[in-house]
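So the sequences go chain by chain: A and B.
Residue 97 in numbering that gives the first Met the number 0 sits at position 98 of the first sequence, with consecutive numbering throughout.
Residue 105 in numbering that gives the first Met the number 0 sits at position 106 of the second sequence, with consecutive numbering throughout.
Hints listed in this document are in silico derivations from the structure and should not be mistaken for laboratory results.
Per label pair, the in silico range of CB-to-CB distance:
no., chain 1, residue 1, chain 2, residue 2, range
1, B, Lys71, A, Asp19, 30 to 40 angstroms
2, B, Lys71, A, Lys108, 20 to 30 angstroms
3, B, Ser75, A, Lys97, 46 to 56 angstroms
4, B, Glu43, A, Asn22, 47 to 57 angstroms
5, A, Ser15, B, Ser190, 43 to 53 angstroms
6, B, Ser75, A, Leu76, 13 to 23 angstroms
7, A, Ser75, B, Lys71, 19 to 29 angstroms
8, B, Lys60, A, Cys165, 48 to 58 angstroms
9, B, Ser11, A, His53, 40 to 50 angstroms
Ideal Cβ placement from N, Cα and C applies to all residues, glycine included.
There are 2 protein chains.
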Amino acid sequence: MISKAEIKTIASYKISKYRDQDNIFVVEGVKMVDELIRSNQEIEIICATKEYKHLNTIKAKQVLEIKEDDLKKISSLSSPNQVLAIVKRKQEKEVELKSKLVLVLDQIKDPGNLGTIIRLADWFGIEDIICSLNTVDQYNPKTVQSTMGSIFRVNTIYKDLSQYLCSVPKSYPIYGTIIEGGKDIYQQDLSKEAIIIIGSESHGISPEIRPFITHPITIPSFSRDKRAESLNASIATSIIVSEFKRR
Amino acid sequence: MISKAEIKTIASYKISKYRDQDNIFVVEGVKMVDELIRSNQEIEIICATKEYKHLNTIKAKQVLEIKEDDLKKISSLSSPNQVLAIVKRKQEKEVELKSKLVLVLDQIKDPGNLGTIIRLADWFGIEDIICSLNTVDQYNPKTVQSTMGSIFRVNTIYKDLSQYLCSVPKSYPIYGTIIEGGKDIYQQDLSKEAIIIIGSESHGISPEIRPFITHPITIPSFSRDKRAESLNASIATSIIVSEFKRR
Numbered sequence: 000m001i002s003k004a005e006i007k008t009i010a011s012y013k014i015s016k017y018r019d020q021d022n023i024f025v026v027e028g029v030k031m032v033d034e035l036i037r038s039n040q041e042i043e044i045i046c047a048t049k050e051y052k053h054l055n056t057i058k059a060k061q062v063l064e065i066k067e068d069d070l071k072k073i074s075s076l077s078s079p080n081q082v083l084a085i086v087k088r089k090q091e092k093e094v095e096l097k098s099k100l101v102l103v104l105d106q107i108k109d110p111g112n113l114g115t116i117i118r119l120a121d122w123f124g125i126e127d128i129i130c131s132l133n134t135v136d137q138y139n140p141k142t143v144q145s146t147m148g149s150i151f152r153v154n155t156i157y158k159d160l161s162q163y164l165c166s167v168p169k170s171y172p173i174y175g176t177i178i179e180g181g182k183d184i185y186q187q188d189l190s191k192e193a194i195i196i197i198g199s200e201s202h203g204i205s206p207e208i209r210p211f212i213t214h215p216i217t218i219p220s221f222s223r224d225k226r227a228e229s230l231n232a233s234i235a236t237s238i239i240v241s242e243f244k245r246r
Numbered sequence: 000m001i002s003k004a005e006i007k008t009i010a011s012y013k014i015s016k017y018r019d020q021d022n023i024f025v026v027e028g029v030k031m032v033d034e035l036i037r038s039n040q041e042i043e044i045i046c047a048t049k050e051y052k053h054l055n056t057i058k059a060k061q062v063l064e065i066k067e068d069d070l071k072k073i074s075s076l077s078s079p080n081q082v083l084a085i086v087k088r089k090q091e092k093e094v095e096l097k098s099k100l101v102l103v104l105d106q107i108k109d110p111g112n113l114g115t116i117i118r119l120a121d122w123f124g125i126e127d128i129i130c131s132l133n134t135v136d137q138y139n140p141k142t143v144q145s146t147m148g149s150i151f152r153v154n155t156i157y158k159d160l161s162q163y164l165c166s167v168p169k170s171y172p173i174y175g176t177i178i179e180g181g182k183d184i185y186q187q188d189l190s191k192e193a194i195i196i197i198g199s200e201s202h203g204i205s206p207e208i209r210p211f212i213t214h215p216i217t218i219p220s221f222s223r224d225k226r227a228e229s230l231n232a233s234i235a236t237s238i239i240v241s242e243f244k245r246r
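With the hints as constraints, model all of the structure from the sequences given.
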């Protein structure tokens with residue numbers, strides 16, 4: 000059975016400082032933990048109810064049985080679901096720019112948006128996402144849950160974007176969505192190798208990043224009176240990535 | 000200044016029963032209320048802080064000044080933002096099936112997903128959405144907020160889907176995303192007039208609705224080992240609608 004001290008430590012992981020300190024992240028619920036187990040990642044701790052333990056084979060360094068009430072204390076979900084796992088973070092991989100698409104996220108602030116982008120990147124076979132230093136933490140509980148397991152497969156790293164984009168070879172095209180003056184995404188040939196920059200939900204791509212864009216693009220609106228003003232960041236990403244991949 | 004009774008009534012609108020009873024919905028925050036004002040909809044009540052009132056011209060049947068503390072009591076937002084409006088619902092319009100795309104949502108349960116779908120429908124010029132009776136309420140506060148104003152422009156109605164789809168003329172194609180055996184969405188001509196059925200986040204299109212699909216479609220995964228299992232419902236909708244519109 001889980002101890003009071005263990006409950007306290009695990010509950011502290013709701014706060015990013017403590018997750019960072021211990022270099023871990025938290026995965027919750029039956030479905031996500033299933034994904035976790037299939038991903039062959041090393042699991043530090045699994046806290047599971049008696050029922051869950053009874054029905055599942057658990058492979059983790061440490062297995063702690065937990066009562067529903069205590070699970071509520073350590074969980075970030077509004078309805079905790081039987082099991083919670085603590086996982087060591089994978090080492091970040093440097094991105095090798097070689098005939099592939101790479102997503103660059105500039106100031107994505109909403110945890111759900113980041114998780115959804117990681118999930119769709121996985122669907123479209125994009126292996127790497129580079130986030131600005133002020134993009135939300137990929138290990139935020141809401142982000143982890145909304146990746147639906149894709150966090151185990153996509154390499155998401157954080158960088159000073161200006162510095163990183165400076166180092167990109169001149170021959171590698173850099174696409175970015177801008178509101179005015181971009182080329183219609185449906186009316187052009189899109190490269191098989193490219194960096195695609197996605198801007199923040201409210202401010203788009205930041206002024207210091209815009210000069211790096213070699214291929215400004217726009218998703219045209221079909222709204223009759225053009226009153227639909229914008230698309231959610233993850234929706235815009237999906238439309239753009241789908242266009243790159245469909246050819 | 001707002002009275003205690005008024006605070007109680009408006010706070011009750013967090014619950015759908017009371018919104019339905021009074022045939023209204025709630026719009027919150029500076030940005031959304033801006034959209035509301037531009038939409039020329041009749042506004043029943045605006046509750047605004049002194050600062051907001053000072054800086055904005057307000058046109059509503061009733062304007063109530065409110066203190067920050069009281070705004071917290073009536074708000075559904077974690078950080079209430081200066082203003083909250085009560086709006087009479089528009090009359091639902093029957094959908095006229097005539098050379099256009101119509102979205103049909105089957106059991107969309109997540110309020111944010113529904114709001115995001117309404118927003119992207121607006122962007123792509125889709126005027127009508129027909130929801131199954133068990134789809135989440137369009138007037139759920141989270142849905143309203145995530146439409147970013149598109150709720151004022153898109154006609155979203157609720158129907159028994161089997162009954163409705165029975166009444167659709169045989170010549171009108173009905174597309175639906177199925178997991179196995181659908182035609183690759185990128186490899187076919189898509190009709191300019193169509194009904195597009197989107198299934199639920201966890202169960203897809205329900206068994207009793209599937210027989211109505213005349214054109215089963217699939218979004219192919221580009222994931223290397225096909226381990227990315229699914230797309231979020233609003234992401235799938237955006238990719239499909241983008242394909243229909245791009246030609």
